[in-house]
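What follows is the residue order along each chain.
2 protein chains.
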Amino acid sequence: MCEATAYIIKNGGEELLLADVDVIEPQDDGMVRLVSIYGEQKVLKAHIKSMSLVNHRVVLAQG
Amino acid sequence: MCEATAYIIKNGGEELLLADVDVIEPQDDGMVRLVSIYGEQKVLKAHIKSMSLVNHRVVLAQG
Numbered sequence: 004m005c006e007a008t009a010y011i012i013k014n015g016g017e018e019l020l021l022a023d024v025d026v027i028e029p030q031d032d033g034m035v036r037l038v039s040i041y042g043e044q045k046v047l048k049a050h051i052k053s054m055s056l057v058n059h060r061v062v063l064a065q066g
Numbered sequence: 004m005c006e007a008t009a010y011i012i013k014n015g016g017e018e019l020l021l022a023d024v025d026v027i028e029p030q031d032d033g034m035v036r037l038v039s040i041y042g043e044q045k046v047l048k049a050h051i052k053s054m055s056l057v058n059h060r061v062v063l064a065q066g
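Heads up: the protein sequence lines correspond to chains A and B, in order. The working numbering puts the first residue of the first sequence at 4, with every later residue one more than the last. The working numbering puts the first residue of the second sequence at 4, with every later residue one more than the last.
If you're looking for bench data, these hints aren't it; they were derived computationally from the structure. A portion of the hints provided could be inaccurate.
To be verified - Counterexamples of contact, computed for chain A against chain B with all Cβ distances above 12 Å:
id, residue
1, I11
2, E43
3, K45
4, K48
5, Q65
As the list claims (entries may be wrong) - No farther apart than 20 Å at their CA atoms in a straight line, the calculated lysine to any residue pairs in the SDA-like style are these:
id, chain 1, residue 1, chain 2, residue 2
6, A, K52, B, G15
7, A, K45, B, V57
8, B, K48, B, R60
9, B, K52, A, Q65
10, A, K52, B, R36
11, B, K52, A, D32
12, A, K52, B, E28
13, B, K52, A, I40
14, A, K13, B, D31
15, B, K52, A, R36
16, B, K48, A, S53
17, A, K45, A, G66
18, A, K52, B, K45
19, A, K48, A, E17
20, A, K13, A, I40
21, B, K48, A, H50
22, B, K52, A, E6
23, A, K52, B, E18
24, A, K52, A, G15
25, B, K52, A, L47
26, A, K52, B, G33
27, A, K52, B, V62
28, A, K48, B, G33
As the list claims (entries may be wrong) - Residues from chain A that keep clear of chain B, each with C-beta distances beyond 10 Å, as calculated:
id, residue
29, E6
30, Y10
31, I12
32, N14
33, G15
34, G16
35, E18
36, L19
37, A22
38, I27
39, P29
40, M34
If you're wondering where the values come from, they're calculated on a predicted model, not measured in any experiment. Idealized CB from N, CA, C, for every residue including glycine.
Can you build the whole structure from these sequences, using the hints too?
See the structure below:
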């Protein structure tokens, strides 16, 4: 499977935000919607900082 | 492998932008940098509209 793990940068470090992420959708209002392969959804004020699909990593930053 | 195919929305349809994408990095200046597993790089003025890692699809919109 090709889902990724999403992390968010907090206090200079990366914290786990959501595992097994399938869908990533930045919204027009500055929110990002993440949905895992299990249907778990998180919507938060953040932006995508970087991602590597080969490494299964998505890194978000707040705001 | 878990790379994805990147498309860009143009004239209401999706055009192939870059295949076998590994790295996706939105930049602070409104550009997005894509790098394929073969090292091919594209930088363009766009934003991520949606992606599904399970479906290996990344869709960008211009501007």
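Evaluated hints:
1. The beta carbon of I11/A is kept farther than 12 Å from every beta carbon of chain B, the shortest such distance being approximately 15 Å.
2. Every beta carbon of chain B lies more than 12 Å from that of E43/A, the smallest distance being close to 14 Å; the non-interface claim holds.
3. The non-interface label for K45/A is consistent with chain B: the shortest C-beta to C-beta separation is roughly 15 Å, beyond 12 Å.
4. Every CB of chain B is more than 12 Å from the CB of K48/A (nearest about 15 Å), matching its label as outside the interface.
5. Against chain B, the non-interface label of Q65/A holds: every CB pair exceeds 12 Å, the least being about 14 Å.
6. Between the alpha carbons of K52/A and G15/B the distance comes to roughly 27 Å, so the proposed pair goes past 20 Å and is violated.
7. For the hint pairing K45/A with V57/B, the CA-to-CA distance comes to about 17 Å; that is within 20 Å, so the pair holds.
8. Between K48/B and R60/B the CA atoms are separated by roughly 19 Å; this keeps the pair inside 20 Å, and the hint holds.
9. Taking the CA atoms of K52/B and Q65/A, the gap is about 18 Å. The hint holds against a cut of 20 Å.
10. The hinted pair formed by K52/A and R36/B meets the criterion: a straight-line CA distance of about 11 Å does not exceed 20 Å.
11. A distance of roughly 12 Å separates the Cα atoms of K52/B and D32/A; the hinted pair therefore holds under the 20 Å criterion.
12. At most 20 Å may separate the alpha-carbon atoms for a hinted pair to count; K52/A and E28/B meet this at roughly 6 Å.
13. Restraint check for K52/B and I40/A: the C-alpha separation of about 19 Å stays at or below 20 Å, so the hint holds.
14. Of the supplied pair hints, the one linking K13/A and D31/B holds, its CA atoms being roughly 18 Å apart against a limit of 20 Å.
15. Straight-line distance between C-alpha atoms of K52/B and R36/A comes to about 11 Å, which keeps the hinted pair within the 20 Å bound.
16. With a CA separation close to 16 Å, the supplied pair K48/B and S53/A stays within the 20 Å bound.
17. For the hint linking K45/A to G66/A, the alpha-carbon distance of about 15 Å falls within 20 Å, and the restraint holds.
18. Taken as a hint, the K52/A and K45/B pair is honoured in the structure, with Cα atoms around 17 Å apart against an allowance of 20 Å.
19. Distance restraint check for K48/A and E17/A: the Cα-Cα separation of roughly 16 Å lies within the 20 Å cut-off, and the hinted pair is therefore satisfied.
20. Proposed proximity of K13/A and I40/A is contradicted: the alpha carbons are some 25 Å apart, above 20 Å.
21. Taking the CA atoms of K48/B and H50/A, the gap is near 16 Å; set against the 20 Å cutoff, the hint holds.
22. Between K52/B and E6/A, the direct Cα distance comes to roughly 18 Å. Compliance with the 20 Å bound is thereby established for this hinted pair.
23. For the hint linking K52/A to E18/B, the alpha-carbon distance of about 24 Å lies beyond 20 Å, and the restraint is violated.
24. As the CA atoms of K52/A and G15/A are separated by approximately 13 Å, the hinted pair is consistent with the 20 Å bound.
25. Of the supplied pair hints, the one linking K52/B and L47/A holds, its CA atoms being roughly 16 Å apart against a limit of 20 Å.
26. With a CA separation close to 12 Å, the supplied pair K52/A and G33/B stays within the 20 Å bound.
27. A distance of roughly 17 Å separates the Cα atoms of K52/A and V62/B; the hinted pair therefore holds under the 20 Å criterion.
28. This hinted pair checks out: K48/A and G33/B have alpha carbons roughly 18 Å apart, not beyond 20 Å.
29. Not every C-beta of chain B lies more than 10 Å from that of E6/A, the closest at about 5 Å, which undercuts listing it as non-interface.
30. Annotated as non-interface, Y10/A keeps its C-beta farther than 10 Å from every C-beta of chain B; the closest such distance is 15 Å.
31. Every beta carbon of chain B lies more than 10 Å from that of I12/A, the smallest distance being close to 14 Å; the non-interface claim holds.
32. Distance check for N14/A against chain B: the nearest CB is about 21 Å away, which clears 10 Å, and the non-interface claim stands.
33. Every CB of chain B is more than 10 Å from the CB of G15/A (nearest about 18 Å), matching its label as outside the interface.
34. The beta carbon of G16/A is kept farther than 10 Å from every beta carbon of chain B, the shortest such distance being approximately 19 Å.
35. The beta carbon of E18/A is kept farther than 10 Å from every beta carbon of chain B, the shortest such distance being approximately 20 Å.
36. With a closest Cβ-Cβ approach of about 17 Å to chain B, L19/A is found to remain outside the 10 Å limit, as its non-interface label requires.
37. Every beta carbon of chain B lies more than 10 Å from that of A22/A, the smallest distance being close to 12 Å; the non-interface claim holds.
38. A Cβ of chain B approaches the Cβ of I27/A within 10 Å, the least distance being about 5 Å, so the stated non-interface status is violated.
39. A beta-carbon of chain B comes within 10 Å of the beta-carbon of P29/A; the shortest separation is about 5 Å.
40. The claim that M34/A is not at the interface with chain B holds, since no C-beta of that chain comes within 10 Å of its own (minimum 13 Å).
Comparing the model with each numbered hint stated earlier shows that hints 6, 20, 23, 29, 38, 39 do not hold.
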